[in-house]
Amino acid sequence: MQGGGFLLGENVKVLQQLFSPSVLHALDLIGIFVFAISGALLAVRKNFDVFGMAVLAEVTGLGGGLFRDLVIGAVPPAAFTDLGYFVTPLLATALVFFLHPHVERIQAAVNVFDAAGLGLFCVVGTTKAYDYGLGLTASACLGLATAVGGGVLRDVLANEVPSLLRWDRDLYAVPAMAGAAMVALCLRYDALNAMTSSIAAVTAFVLRLLAMRYHWRAPRAWHRRSTVMEE
Amino acid sequence: MQGGGFLLGENVKVLQQLFSPSVLHALDLIGIFVFAISGALLAVRKNFDVFGMAVLAEVTGLGGGLFRDLVIGAVPPAAFTDLGYFVTPLLATALVFFLHPHVERIQAAVNVFDAAGLGLFCVVGTTKAYDYGLGLTASACLGLATAVGGGVLRDVLANEVPSLLRWDRDLYAVPAMAGAAMVALCLRYDALNAMTSSIAAVTAFVLRLLAMRYHWRAPRAWHRRSTVMEE
Amino acid sequence: MQGGGFLLGENVKVLQQLFSPSVLHALDLIGIFVFAISGALLAVRKNFDVFGMAVLAEVTGLGGGLFRDLVIGAVPPAAFTDLGYFVTPLLATALVFFLHPHVERIQAAVNVFDAAGLGLFCVVGTTKAYDYGLGLTASACLGLATAVGGGVLRDVLANEVPSLLRWDRDLYAVPAMAGAAMVALCLRYDALNAMTSSIAAVTAFVLRLLAMRYHWRAPRAWHRRSTVMEE
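Line by line, the protein sequences give chains A, B and C.
Note that the first sequence covers residues 1 to 231 in UniProt numbering.
Note that the second sequence covers residues 1 to 231 in UniProt numbering.
Note that the third sequence covers residues 1 to 231 in UniProt numbering.
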């Protein structure tokens with residue numbers, strides 16, 4: 001999710017006053033970095049070369065925010081106006097390139113950071129969309145898309161079924177939905193501030209951690225097992 | 001295809017005067033609903049969970065119109081400004097979730113509605129693109145993209161070869177092309193009204209029904225069988 | 001890459017004065033044509049029908065420029081405002097449809113033209129992005145995306161791993177990066193003219209030819225072979 005120091009509009013300004021732009025920007029970059037790590041690691045598993053790693057890292061780190069900015073008409077998107085957003089995935093690529101066995105070994109830590117990115121991006125994505133005049137539901141949807149869009153693009157480019165859609169993966173969208181919905185509710189009742197947006201981000205973060213810890217999964221369609229598998 | 005009550009511009013206004021916005025909006029929602037059904041059904045076949053079903057339903061129902069709106073610069077796209085457009089795919093998801101064996105059994109009926117959505121979307125998509133200042137050919141192309149774009153996105157996300165591209169599927173793009181071309185011709189000769197646009201939509205609809213009934217297929221490249229299969 | 005006669009802004013105007021719009025437009029169309037050939041040939045290999053061929057040809061020829069225009073806010077994109085851009089991929093489709101065994105036989109020639117398109121598109125893409133106000137790094141990135149984006153979309157639609165990402169393919173992105181970086185450097189030092197932009201395009205072109213001739217490849221991640229293959 002891009003946009004820390006570059007966001008316009010009242011609510012983001014509120015966020016900026018309470019968090020300070022540099023803190024928000026640093027959080028942004030951390031989120032992009034951990035998402036980019038997941039992209040670069042998938043590239044290694046798919047046996048791509050170093051440029052494929054960089055492309056997947058950029059797409060994973062910046063894709064969600066890029067989609068959001070195109071939808072709300074914020075062009076050129078923040079991904080293309082802030083050099084830091086562009087360089088961060090390259091650092092992630094370099095790290096994975098030289099150290100990927102170690103990065104895989106600390107996959108648990110990467111997952112924790114990824115959950116933090118998820119929580120942060122759904123909050124800032126929802127807020128930015130609302131600032132650009134979208135309704136509450138649409139803003140929450142775009143917040144969700146900001147948080148999960150990069151991972152979907154990553155999997156599509158790597159020619160995999162997006163892990164977001166698979167029933168055998170721990171819940172990923174639901175924590176982001178919860179965070180985005182909490183922000184939308186706060187916006188609805190004019191209660192968005194540093195405290196409430198932090199609570200929303202932390203809620204999404206903790207829900208994701210719990211989902212990984214206890215392997216929470218979503219149900220598949222009713223009677224799924226009793227029907228034929230493939231058309 | 002989105003946009004009934006939210007479309008700007010003269011020609012769409014003509015459509016609205018003749019059809020009444022509420023009728024157009026209802027037709028829009030029906031089209032989105034049946035497209036979303038096809039997305040949710042594919043998600044069931046691919047063994048996705050309920051959130052994967054909702055994502056595929058939203059993408060299939062709204063993707064074509066979203067692409068069109070981004071291209072013509074109509075941001076935020078109608079998909080994000082009308083709550084009904086967002087909720088309709090969720091209803092389709094719920095229906096498929098609980099009743100999918102029955103929905104599969106009435107696949108023939110779903111196909112008929114899908115053909116109706118195809119006819120409707122190619123007409124409204126072409127008209128909206130023209131209203132935003134595109135040329136006649138470009139408008140017809142965008143009308144086609146509006147009608148088939150959601151299905152292509154659905155297949156890409158599900159990691160399948162888009163059925164639009166496969167030679168062993170009944171004609172799908174050609175009926176939409178015919179409808180879009182008829183609308184473009186009417187626009188060219190200033191003859192677009194409720195009658196002619198209905199004829200265009202019905203033509204696309206009937207052509208698609210005939211293609212399914214008689215398994216019309218498009219030719220593959222010349223000498224296809226005599227050449228090596230894979231590089 | 002689209003945009004010859006339709007580009008706005010100072011630098012492109014400089015290019016136009018030095019090259020004349022009609023020369024630039026012709027180069028554009030040649031680039032689109034050869035890219036479209038590669039799309040139509042992939043469609044034949046994937047056993048798609050003639051409409052699938054046309055869709056892949058259009059996407060491959062126009063996709064990179066379409067992405068660039070959406071990002072810089074140049075809507076409607078040049079791909080939808082110039083009939084020639086739309087018709088050119090159809091001509092490529094017709095050629096491949098009737099003559100594809102011969103086209104495959106002259107694959108070497110197609111590769112040379114494709115390399116020429118790569119060189120041209122990275123230069124014009126970078127220049128157009130800069131004209132729309134992007135920074136130098138972002139402009140070079142968009143120039144690269146313009147040059148390689150169509151091929152990535154082609155592979156995604158055909159449900160293949162993008163050849164851009166695969167380590168067992170000859171370098172493709174690096175020549176385009178070199179060309180885009182040279183243009184960005186020229187822009188930085190106010191030295192962009194017909195001579196320097198030609199040198200940049202030719203450099204990318206020659207690098208790509210050398211990469212194919214000597215099978216230059218990019219490294220994979222450190223220790224790649226010593227780790228487990230798939231998750």
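In case anyone wonders, no lab produced these hints; they're calculated from the structure.
Honestly, I wouldn't trust all of these hints.
Intra- or inter-copy, both count: the list cannot distinguish identical chains.
[Unchecked claim] Below, a list of computed lysine to aspartate or glutamate pairs in the DMTMM-like style, where the Cα atoms sit at most 25 Å apart:
| no. | residue 1 | residue 2 |
| --- | --- | --- |
| 1 | K46 | D190 |
| 2 | K46 | D168 |
| 3 | K46 | D170 |
| 4 | K46 | E104 |
| 5 | K46 | E160 |
Given the structure is predicted, the values throughout are model-derived calculations rather than measurements.
Checklist entry - What are the numbers of the hints the structure violates, in ascending order? => result Number 1 only.
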